[in-house]
Amino acid sequence: MTGGTGFIGGRLVRKLRERGDEVVALVRSPDKALELERLGVELVKGDLTDVEAIRRGADGVFHGAAIYKVGIPKSQRDGMYETNVRGTERVLDCSIQSGVPKIVYVSTVNVFGNTRGEVVDESYERDTSGGFLSYYDETKYESHRVALDRIAKGAPIVIVQPGGVYGPGDHSEIGNMIDQASNGKLFAYMFPETGFNLVHVDDVADGTILAFDRGEPGQSYVLGGEIANMRTLVDKSAEIAGRKPPKRDLPVGVLKAVAPAGPVIGKVMGFPPNFKELISVSDGVTYWAKDDKARERLGYAPRDLGTGLRQTISAGD
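The working numbering puts the last residue of the sequence shown at 330; the count rises by one with no breaks.
A portion of the hints provided could be inaccurate.
[What the hints assert, rightly or not] Simulated pairs of lysine to any residue, SDA-like, Cα-Cα distance not exceeding 20 Å:
| # | residue 1 | residue 2 |
| --- | --- | --- |
| 1 | Lys-289 | Lys-28 |
| 2 | Lys-45 | Glu-55 |
| 3 | Lys-82 | Arg-68 |
| 4 | Lys-289 | Tyr-81 |
| 5 | Lys-45 | Ala-71 |
| 6 | Lys-289 | Arg-90 |
| 7 | Lys-28 | Pro-259 |
| 8 | Lys-289 | Tyr-202 |
| 9 | Lys-303 | Gly-319 |
| 10 | Lys-166 | Asp-63 |
| 11 | Lys-198 | Pro-259 |
| 12 | Lys-303 | Thr-128 |
| 13 | Lys-306 | Ser-295 |
No lab work stands behind these hints: they were computed from the structure.
Sequences are here, hints too, so could you generate the full structure?
Here it is as structure tokens:
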């Protein structure tokens with residue numbers, strides 16, 4: 014497994030160990046993976062550039078390691094490409110060469126780009142002629158194409174595409190919104206119409222295991238929970254926590270005006286430094302994709318948003 018110390022990967026490791034699977038995790042720093050070790054996971058020191066550490070036999074491989082950041086400065090782009098694209102190439106190719114019988118690649122619905130209000134399925138093909146929403150968007154799109162290329166050559170790869178993942182311990186922008194709304198600190202709605210298929214992290218882990226157990230090689234499965242937008246997420250978070258939601262929307266024009274000061278303002282507001290990219294991935298964008306295929310073919314049964322938010326907020330109390 015790669016990405017075992019991450020948000021999704023940590024839940025996936027725990028669930029695999031709970032059902033009795035032996036797990037070997039590639040980790041950059043064993044000192045930061047002590048929780049995995051306590052779960053009985055064998056740690057292999059290395060990163061996604063270390064072919065010798067990656068190349069080993071197994072009954073299955075879960076590749077979930079990736080850098081998930083939006084709004085990064087250009088200086089961090091090479092590192093993101095090396096991890097997200099080159100790393101995926103190495104893990105998939107080493108697994109194929111080692112004769113691994115089944116590989117699960119953790120992609121994202123972000124691969125579909127802006128669905129412009131349409132709820133799409135796994136067959137959707139985006140138009141990339143207009144460019145990408147962020148550098149993360151671009152690298153994950155390329156990584157997904159890497160997996161499809163290996164599938165076309167006969168590799169036993171199953172792809173899962175989580176939606177907007179949230180849950181306890183989430184440090185993404187979605188997690189930031191839930192935290193601020195539930196603590197009554199959100200003074201205005203930011204990009205209230207940004208659309209997601211919001212899914213609890215534990216459901217993503219369950220769906221990923223189902224994809225390994227029941228998924229058909231060559232197929233992709235969207236793992237979602239509930240179609241919603243940022244306004245709904247904030248309102249439900251505030252309601253569950255007994256807080257009042259914001260009274261106003263923050264005009265996008267204001268964010269565009271302060272974008273040059275993003276590195277400073279971002280630290281104060283808890284947002285990334287590249288405001289221009291933050292705006293491009295949010296303003297009028299929907300990442301809406303249906304998970305019917307996973308429900309029907311894998312037996313995937315995610316919780317609703319209200320239940321997931323109550324569990325997330327209570328875990329932070």
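**Prompt:** Which of the numbered hints above does this structure break?
**Reply:** 1, 3, 5, 7, 10 and 13
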